[in-house]
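Undergrad: Chain by chain, the residues:
Protein chains: 2
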Amino acid sequence: MLEKYILAAKRETPADLVLKNATYLDVFSGKLRKGDIAVVGDKIVGTGEYSGVEEIDCAGLTVLPGFIDGHVHIESSQLSPEEFASLIVPRGTTAIIADPHEIVNVCGMAGCDYIIKASKSVPLDVMLNLPSCVPATPFETSGATLTGKDTEKHIKRDEIFGLGEFMNYPALIGCDREALTKAEAAIAAGKVIDGHAPSVSGYDLNAYLCCGVSTDHECDSGAEIDEKISKGMYLHIRHGSSTHNLGNAAFMTAENFRRFLICTDDRHAADLKEYGHIDDALRRMVKNGADPIRSIICATLNAAECYNLRDRGAIAPNRLADLVAVDNIKDFNAKIVVKSGKLVARDGQALFDTPARYLPANVLNTVHVRTLRPDDFILNIKSDRAKAMTVAEGGIVTGCEVVSVTREGGDVYVKGSDLLKLAVVERHKMTGNIGKGLLKGYGFKGGAMGLTVSHDSHNIILLGDDNAAMAAAANRLREIGGGMVIAQSDGTIHSLALEIAGLMSPRDADGFRKDCRAIIEKAHAMGVKRGYSAFMSLAFLSLAVIPKLKLVDKGLFDVDKFAFTNIEE
Amino acid sequence: MLEKYILAAKRETPADLVLKNATYLDVFSGKLRKGDIAVVGDKIVGTGEYSGVEEIDCAGLTVLPGFIDGHVHIESSQLSPEEFASLIVPRGTTAIIADPHEIVNVCGMAGCDYIIKASKSVPLDVMLNLPSCVPATPFETSGATLTGKDTEKHIKRDEIFGLGEFMNYPALIGCDREALTKAEAAIAAGKVIDGHAPSVSGYDLNAYLCCGVSTDHECDSGAEIDEKISKGMYLHIRHGSSTHNLGNAAFMTAENFRRFLICTDDRHAADLKEYGHIDDALRRMVKNGADPIRSIICATLNAAECYNLRDRGAIAPNRLADLVAVDNIKDFNAKIVVKSGKLVARDGQALFDTPARYLPANVLNTVHVRTLRPDDFILNIKSDRAKAMTVAEGGIVTGCEVVSVTREGGDVYVKGSDLLKLAVVERHKMTGNIGKGLLKGYGFKGGAMGLTVSHDSHNIILLGDDNAAMAAAANRLREIGGGMVIAQSDGTIHSLALEIAGLMSPRDADGFRKDCRAIIEKAHAMGVKRGYSAFMSLAFLSLAVIPKLKLVDKGLFDVDKFAFTNIEE
Numbered sequence: 003m004l005e006k007y008i009l010a011a012k013r014e015t016p017a018d019l020v021l022k023n024a025t026y027l028d029v030f031s032g033k034l035r036k037g038d039i040a041v042v043g044d045k046i047v048g049t050g051e052y053s054g055v056e057e058i059d060c061a062g063l064t065v066l067p068g069f070i071d072g073h074v075h076i077e078s079s080q081l082s083p084e085e086f087a088s089l090i091v092p093r094g095t096t097a098i099i100a101d102p103h104e105i106v107n108v109c110g111m112a113g114c115d116y117i118i119k120a121s122k123s124v125p126l127d128v129m130l131n132l133p134s135c136v137p138a139t140p141f142e143t144s145g146a147t148l149t150g151k152d153t154e155k156h157i158k159r160d161e162i163f164g165l166g167e168f169m170n171y172p173a174l175i176g177c178d179r180e181a182l183t184k185a186e187a188a189i190a191a192g193k194v195i196d197g198h199a200p201s202v203s204g205y206d207l208n209a210y211l212c213c214g215v216s217t218d219h220e221c222d223s224g225a226e227i228d229e230k231i232s233k234g235m236y237l238h239i240r241h242g243s244s245t246h247n248l249g250n251a252a253f254m255t256a257e258n259f260r261r262f263l264i265c266t267d268d269r270h271a272a273d274l275k276e277y278g279h280i281d282d283a284l285r286r287m288v289k290n291g292a293d294p295i296r297s298i299i300c301a302t303l304n305a306a307e308c309y310n311l312r313d314r315g316a317i318a319p320n321r322l323a324d325l326v327a328v329d330n331i332k333d334f335n336a337k338i339v340v341k342s343g344k345l346v347a348r349d350g351q352a353l354f355d356t357p358a359r360y361l362p363a364n365v366l367n368t369v370h371v372r373t374l375r376p377d378d379f380i381l382n383i384k385s386d387r388a389k390a391m392t393v394a395e396g397g398i399v400t401g402c403e404v405v406s407v408t409r410e411g412g413d414v415y416v417k418g419s420d421l422l423k424l425a426v427v428e429r430h431k432m433t434g435n436i437g438k439g440l441l442k443g444y445g446f447k448g449g450a451m452g453l454t455v456s457h458d459s460h461n462i463i464l465l466g467d468d469n470a471a472m473a474a475a476a477n478r479l480r481e482i483g484g485g486m487v488i489a490q491s492d493g494t495i496h497s498l499a500l501e502i503a504g505l506m507s508p509r510d511a512d513g514f515r516k517d518c519r520a521i522i523e524k525a526h527a528m529g530v531k532r533g534y535s536a537f538m539s540l541a542f543l544s545l546a547v548i549p550k551l552k553l554v555d556k557g558l559f560d561v562d563k564f565a566f567t568n569i570e571e
Numbered sequence: 003m004l005e006k007y008i009l010a011a012k013r014e015t016p017a018d019l020v021l022k023n024a025t026y027l028d029v030f031s032g033k034l035r036k037g038d039i040a041v042v043g044d045k046i047v048g049t050g051e052y053s054g055v056e057e058i059d060c061a062g063l064t065v066l067p068g069f070i071d072g073h074v075h076i077e078s079s080q081l082s083p084e085e086f087a088s089l090i091v092p093r094g095t096t097a098i099i100a101d102p103h104e105i106v107n108v109c110g111m112a113g114c115d116y117i118i119k120a121s122k123s124v125p126l127d128v129m130l131n132l133p134s135c136v137p138a139t140p141f142e143t144s145g146a147t148l149t150g151k152d153t154e155k156h157i158k159r160d161e162i163f164g165l166g167e168f169m170n171y172p173a174l175i176g177c178d179r180e181a182l183t184k185a186e187a188a189i190a191a192g193k194v195i196d197g198h199a200p201s202v203s204g205y206d207l208n209a210y211l212c213c214g215v216s217t218d219h220e221c222d223s224g225a226e227i228d229e230k231i232s233k234g235m236y237l238h239i240r241h242g243s244s245t246h247n248l249g250n251a252a253f254m255t256a257e258n259f260r261r262f263l264i265c266t267d268d269r270h271a272a273d274l275k276e277y278g279h280i281d282d283a284l285r286r287m288v289k290n291g292a293d294p295i296r297s298i299i300c301a302t303l304n305a306a307e308c309y310n311l312r313d314r315g316a317i318a319p320n321r322l323a324d325l326v327a328v329d330n331i332k333d334f335n336a337k338i339v340v341k342s343g344k345l346v347a348r349d350g351q352a353l354f355d356t357p358a359r360y361l362p363a364n365v366l367n368t369v370h371v372r373t374l375r376p377d378d379f380i381l382n383i384k385s386d387r388a389k390a391m392t393v394a395e396g397g398i399v400t401g402c403e404v405v406s407v408t409r410e411g412g413d414v415y416v417k418g419s420d421l422l423k424l425a426v427v428e429r430h431k432m433t434g435n436i437g438k439g440l441l442k443g444y445g446f447k448g449g450a451m452g453l454t455v456s457h458d459s460h461n462i463i464l465l466g467d468d469n470a471a472m473a474a475a476a477n478r479l480r481e482i483g484g485g486m487v488i489a490q491s492d493g494t495i496h497s498l499a500l501e502i503a504g505l506m507s508p509r510d511a512d513g514f515r516k517d518c519r520a521i522i523e524k525a526h527a528m529g530v531k532r533g534y535s536a537f538m539s540l541a542f543l544s545l546a547v548i549p550k551l552k553l554v555d556k557g558l559f560d561v562d563k564f565a566f567t568n569i570e571e
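Order-wise, the sequence lines are chains G and Z. Residue 315 in the working numbering sits at position 313 of the first sequence; the count goes up by one each step and never skips. Residue 233 in the working numbering sits at position 231 of the second sequence; the count goes up by one each step and never skips.
The set of hints was computed from the structure by calculation and includes no laboratory data. Just so you know, these numbers come straight off a predicted model, no measurement behind them. Heads up, a few of these hints could be off.
In silico DSSO-like pairs for lysine-lysine, Cα to Cα no more than 27 angstroms straight-line [claimed, not checked]: (1) Z:Lys158 x G:Lys6; (2) Z:Lys155 x G:Lys193; (3) Z:Lys563 x G:Lys12; (4) G:Lys158 x Z:Lys193.
Quick list of the computed label-pair ranges, beta carbon to beta carbon [stated by the list, open to error]: (5) Z:Thr245 x G:Ser203: 46 to 52 angstroms; (6) G:His246 x Z:Thr245: 48 to 54 angstroms; (7) G:Asp510 x Z:Lys151: 50 to 56 angstroms.
We put the beta carbon where it would ideally sit given N, CA and C, even for glycine.
Assemble the whole structure, with the sequences as input and the hints as a guide.
TA: So, in structure tokens, the structure goes:
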């Protein structure tokens, strides 16, 4: 088994593939070196002067280890895993630590198995974590529940990489038995536990870490970074579509930089296509003044070390031949991408096909809801003053503002005001639950809009100023098996299907992106303020772990009090 | 299971042990921080302000993670594992990566199992590698052979940590099937393979690394360090009794220092007692100008990372409570040592007992040789000119000098000259093999001296100017079950037993060291030049993997040609 590598390393036989005349990064010394990189099978066998059966001239390019995205939810791209790969592999990403939290909240383990199998056909290593928080809170109806017992069963599977971000940190810190069972199962299986602990510090952080959590991607300040690193966490610098903390790179020092990684967490197809993936994070970090070599090391060696992927993250003998040749380490334009020894992308274009997508029935047709009627959206409140949700443009933290409402015929009349009705329609188990509330300042007028992506349980979330349009929007979502919709009061309906779990489209990225842009534009044309991401800002209004006021299918939720609240003030 | 840690971390219950008022090293940021360190069971649960059932005031001290010796042969201390622990634990070492290469060459797997079991009673984590090169070469008779098949069987065992230093790099690079089988077995078992590759570079190094080897402790120059680090090796800075490369610390940079470790490799009881262990390496490195914090990180976090010991190497929640409080990070005098949460040493004194040593029969009485006669040491050569071995004082590389010899009665007469007879008497399998040669310039006169430690097969090695004394020396070694011996021509015999495999004494360190010093002094009194380590320099004259001329039981060996050679010139 080893002979073929040894013989090629010694140049007694030609390598399978040689990247000739490369300048390449030695991540261990932080030095750029010159030489050929010889590959046999999926492994690098040596650097020096080599001949290969296939040779690629890399003169003028800088070869880096393939990038590793340390934490990502593929579902947030709204694309299938195959198509997601077709966007990120040509950008130089060759491995991701993925958490299928969204699809598992809809489809249960079938969602997890779908991602595993769908990823197999593309040249991208998808290390799939088992989501730790399904559902995210006990206050909402999700499509599935993963108990401690389920976790014990599934975490042992070879194809499960680790335990996904443990967002329910209060449960761990509070010694909730179900939560501890999950952590204990991961520890017993020898698997990594990803963290998610915004602003958790001091003794609470100590307690959280005692549960074996090893990473965090939510750091917000130098003090938070300093404490979390000192306590042994690896920190992801995040470059998502709606959340970023690239500025955290400023806190890297010679002594601590090995503890930093890069992740995208949630990144939409449009951003992936237009700006890129980890390459874009590197480009921006360097532009902001970060050391380019240390930044690359974050996305390669450090990620490999954090996740115990000892076979990759460096250009050295015996490492996986996952390589990206960029024009330079300022612009990071990927010219050549090699995955496991095979040329898989050139000049930003994938050289692999993604047509025959794996689409099992159990991730399709996931919108289980009766036909909705206009009356379902009547908001019958008992006071002239009510709580309305507000959300800052570009943010996901919501506020609560007490507003005066116009009541009419047992309903609230919002037309012509700055208020909109907000509704979350349960869509997994036909419970009939509809949570209702008010949203202020979003800007939309003349109908309803909504989608089946709504964190984290992904029920139908709708807003509108017209009960009939809200019903029409929900019914269209049911018809198309989930997606995004705008129903005008005049009866016109625009929609874009997300057939996979109501979260992702099986279409190709280009076509999907165009239609996606069109429906988003339509929403803005109907008044959604440009500062919002028309649909995605809406999708976070149900995320009951982010302050302050949120709406779930069971009602209005005060996150600070971690309890339901009445709309009436 | 996790509750007790969480509750103590949150200060809802007292910790079991608290190191109060500590200044402690945060290895992740390279910063000294202040606070209490709280321990529950064997784990650190937090830093901050804590109360404990037991509290130790560490005001004025600096608390560091317990030191890890990245590569050591316990046998070289000449003490039992228990007694070895009693010397190094009070110095702050809490874990070692040990390679029982010496005892396995004598006793086979019984030697390995002995070290495993003997180590269990002491507060030191002994990660035991399976030796990869037993015997070291096919040109000598060892007590055991570990084949590829044996390696496949044993490497899987839970108590086997990895595959020991692969000294036979020519075999791997040369695609020797047995050697490859061993490496492949370790890879298949997911275990680390330690390296040993002096001056191996370029394409040969690439080939060696393709076999999964990950470390080296033999670097001799900046260029060698630079290349080996760039190719992904972890490098041990070595502080043994006869071999040192502490100067390699000068090549640490901000970018590469995470790839450096510290090891002692071979360190004798006398040095351990007098100067210390990893603490002494740190002391000297810092004295030579190395950054103290980076040096400590080499012996803690880096070693943990290299060997995938994710549970230790740092003072942080969820890490093993292996701690050493030193006076300062210049002198490194260990004042308090905590192993797995228990106080185990104070002011350099072990607080644990090592009396009831585990001494299985299969590591005792290992000198299997018939009664030797003076005639056995006749050196009947057919020329007046012969090859004599030379060895530089303080070194282990030998030279070959052609000398004139005085022949008399079918023997060589060395008395009164600068020559000595050298003999290696096979002692494992009663083969009757006696390799014979000449040694020039050692200085000994008036009898014979020898020992059962002779690398790597540990046959009896003897030198002398008197056949009768050589026979008497060998016979005494047989009587005492191995050890060190001096036989004067007047019939007086001095000896020190090494009952365990002929390599180690079961005695306590203090008594053993005193007697050891006495016999060494006796050797010098009989003429051995002070520049030599009287017995240990002799023990390396049979090491047929180190140039240039060596003597094994099967004859005189030319290491450069890797073949036997005639003594006659």
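Undergrad: Could you tell me which of the hints above the structure violates, numbers in ascending order?
TA: none
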